[in-house]
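Protein chains: 2
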Amino acid sequence: MLGIGIDLGGTNIKGALVDDKKGIIEKFSILTEADNGCDYVLDRISVAVMRAAGFADNEKPIGVGIGSPGIISWDRTTVSTPPNFPGWDVVDLSKEVKKRTGFDCRVENDANCAALGSSRFGAGKDFKSFVMLTLGTGVGGAIIYNNKLFRGDTGGAAELGHVIINYHGPESNSPSRGGIEAYIGQRFLSRYAVDILRRHPNNPLYKKFKSEPEKMEPLDLFNAAENGNEVAIQVLESAGEKLGYAIVNYIHVLDIRKIVVGGGVSNAGHWIFEPARKAALSRLLEPFHDGFEIVHEPLGNDVGLLGAASLALEVIND
Amino acid sequence: MLGIGIDLGGTNIKGALVDDKKGIIEKFSILTEADNGCDYVLDRISVAVMRAAGFADNEKPIGVGIGSPGIISWDRTTVSTPPNFPGWDVVDLSKEVKKRTGFDCRVENDANCAALGSSRFGAGKDFKSFVMLTLGTGVGGAIIYNNKLFRGDTGGAAELGHVIINYHGPESNSPSRGGIEAYIGQRFLSRYAVDILRRHPNNPLYKKFKSEPEKMEPLDLFNAAENGNEVAIQVLESAGEKLGYAIVNYIHVLDIRKIVVGGGVSNAGHWIFEPARKAALSRLLEPFHDGFEIVHEPLGNDVGLLGAASLALEVIND
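As given, the protein sequences belong to chains L and F, one line each in that order. At position 72 of the first sequence (counting the first as 1) the number is 72 in this note's numbering, and the numbers step up by one without a gap. At position 301 of the second sequence (counting the first as 1) the number is 1301 in this note's numbering, and the numbers step up by one without a gap.
Hints in this document: simulated from the structure, not taken from any laboratory. Hints are supplied without guarantee of correctness; some may be wrong.
[Said to hold, decoys possible] Mimicking DSS-like on lysine-lysine, the simulated pairs with C-alpha atoms at most 25 Å apart in a straight line are:
| # | chain 1 | residue 1 | chain 2 | residue 2 |
| --- | --- | --- | --- | --- |
| 1 | L | Lys-27 | L | Lys-60 |
| 2 | L | Lys-22 | L | Lys-60 |
| 3 | L | Lys-27 | L | Lys-125 |
| 4 | L | Lys-148 | F | Lys-1128 |
| 5 | L | Lys-27 | L | Lys-98 |
| 6 | L | Lys-148 | F | Lys-1148 |
| 7 | L | Lys-128 | F | Lys-1148 |
| 8 | F | Lys-1060 | F | Lys-1095 |
| 9 | F | Lys-1099 | F | Lys-1021 |
All figures in this text were calculated on a predicted structure; none of them were measured in a lab.
Input sequences plus hints: build the corresponding full structure.
Encoded structure:
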């Protein structure tokens, strides 16, 4: 069975043709050019849908799933005020895509799509329930409970980046001061690294990024750590420790002990995960130690596309 | 329909005969005398069950539900290592009660029973989903989602007192340093109050409790606050503010925006709730403001008995 997965971003629209057994058949990326307004972007999405459909040989894809920013309606049709999309207010994406392409279409928020993709094709496949964290510019979250998305009362559950670990901690771009995103979101992590590096002006990382801290990628910190750079190690350990405290909060609320971590920052791998595991174990109530695991999602950004396509490939009741 | 609710505590065993429409018909309390060991306590529970049954006129109760401390098995039969019960290890309470009384019996942890009771008979009746907080010596938590208990992977969900709001905050009697219980659990609240009062030796509360801070009840703080005692007001406001941050965490994870608060500390009422509401609104992401509510559970400890009886009165699938 074939489905089409679309990952709608402010800069790029990614598309894929997905087989429910084999995963991604073909994938690609086109520019969103969101500045041209809503109608233009809807046309771009349709271009992506038709391009994905074009990769199918004999079989017709059964539908389209879209991972989108913004607030998604409970029935998975409508997107409200996605950030970085000028001219969007409330858009029935499902209807617009159907009108333009003929395909049935469902929408889900991008973090939930990543979790669905991990659950069906990735590291989450082995777990009936898990918490998915996507560590990127921000920290995205989703909850899979008994193989289904846990969506809360209105579909807005799992704003896990905004879970507070220190109520008088640093500000981020949300009102949840001291949320985990303010410690481990890519922008905050890089800025923190450069602040620390200021005290180590001979450190090669400082020389490279002092004028443009926002260009420092988690991979730069990871590579430096691998080469024994003490400051990079310290920065990643400190971020990992904070992540561990946030994980304690997720587990104490949900009693779901499998944590799957994807996104760019997760490429800093064991330098973050090991301190996170240690910090979490130091604060978790004892009965929750059993079965606790932090797992890296190896499929990278593909989970978003796979999860989006799963919206088309499955009857999802939740 | 009649059911028997039992609330098993380290000091008292409370019992009630409950009608599924009318609520509590008759209730009572007997001593647990837990020091006499497991068999003795099982006999005491049976005494309570038979006494409750004795209040029924023509109709036979259909079964027994027990709210218990300790870890409860997923199938609601067995209790493991309840604190303050010497000589208990793993006890199939369901089987033991059936053997002694002839009644079918199911067990659930006490915080979950309180939430069930509130959901069926109390402030939670109006809400399909809500978070229940029981503010007492510790902070108990439970989650009702779509009218059912959300139990997590093993039945241990909603350890809400151990959700961290400041990872380098105060210690409590758990490894979750800086958990909300360390700020608002009765013991910690009283100790904090006396610490503040030391700087105000003429304050009537200081005079009364300086040698025995643990005797200070939330009601003492409430009454003092009502009489304009500035220190009492400050202590309750500070505790309420912390509670607000914890509530932000529950809502950002669950997207469940109704918070029902019971337990002894909740009797300090608006002196805690109003600062909690204010602090939560200052940190909640904007979409979660809509429908957010903190509600006092007016039924007090009765919700535990009502919820326990509900285990007998309903087919509960979760």
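Fill in: Contradicted hints - numbers only
Violated: hint 9 alone.
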